[in-house]
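> Between the sequences and the hints, there should be enough to build the whole structure, so can you do that?
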Amino acid sequence: SQQGEEDPQALSIQEGENATMNCSYKTSINNLQWYRQNSGRGLVHLILIRSNEREKHSGRLRVTLDTSKKSSSLLITASRAADTASYFCAPLQTGGFKTIFGAGTRLFVKA
Amino acid sequence: NAGVTQTPKFQVLKTGQSMTLQCAQDMNHEYMSWYRQDPGMGLRLIHYSVGAGITDQGEVPNGYNVSRSTTEDFPLRLLSAAPSQTSVYFCASSPRTGGTDTQYFGPGTRLTVL
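So the sequence lines, in the order shown, correspond to chains A and B.
Plus 17 on top of the position in the first sequence (first one is 1) and you've got the numbering used here.
Plus 861 on top of the position in the second sequence (first one is 1) and you've got the numbering used here.
Note that these hints are calculated values from the structure, not bench results.
Heads up, some of the hints might be wrong.
Stated by the list, open to error - Computed spacing ranges between beta-carbons, pair by pair:
| id | chain 1 | residue 1 | chain 2 | residue 2 | range |
| --- | --- | --- | --- | --- | --- |
| 1 | B | Thr876 | A | Asn69 | 18 to 26 angstroms |
| 2 | A | Asn69 | B | Met902 | 26 to 34 angstroms |
| 3 | B | Ile915 | A | Thr44 | 19 to 27 angstroms |
| 4 | A | Glu34 | B | Met902 | 35 to 43 angstroms |
Beta carbons are placed, not taken as given, at the ideal position from N, Cα and C, and that holds for glycine.
This is how it looks when you write it as structure tokens:
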């Protein structure tokens, strides 16, 4: 198992702007998932990208994966106040079966 | 489907007391796990299970026990509560062994140890 490290730790933007969060990891992976956590609640799955994929879209979310750099990014376009939350990446190591979360990126979208 | 349910939602304990946090899922998921989240921090894996009768330790297992007698239930036991165990506890389940598929999280149990 391995832990993703999100960057930045915190991000504050205006409504309508785009938000980009990054994730780095250390070893080869099967897939990488992004989750969102609203204050005080459980995590909610956003999107999964497999190791043989380079980009994936879901609504206003765009995820990229660069396995040569062992990094991923999550882009939220046209952000809304409701996007205010913490975002976590979860890389699944090749042959692994535990999901370890990092500290997350706290996004604050100002209305 | 109710998804992943956790009880209680809130609990206050005194140092040295023991208790069990309940977690149940009705999705027939094989993989279940327990995390704790301290204020402003990410989630730390306590214990996990890849199926009934099989459990293993995560990152921070000390002071906690688990068992998995059925597919549906995965209780977390605090043996002798300590103030350092004050945290929010989340249970999660996944259809296949460990993180290959989406994890579904419960609403959490907020535990305070005095």
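> All the hints need checking, so say for each whether the structure fits it.
Outcome of the hint check:
{"no.": "1", "hint": "Thr876/B <-> Asn69/A: 18 to 26 angstroms", "in the structure": "violated, 51 angstroms"}
{"no.": "2", "hint": "Asn69/A <-> Met902/B: 26 to 34 angstroms", "in the structure": "holds, 33 angstroms"}
{"no.": "3", "hint": "Ile915/B <-> Thr44/A: 19 to 27 angstroms", "in the structure": "holds, 24 angstroms"}
{"no.": "4", "hint": "Glu34/A <-> Met902/B: 35 to 43 angstroms", "in the structure": "violated, 27 angstroms"}
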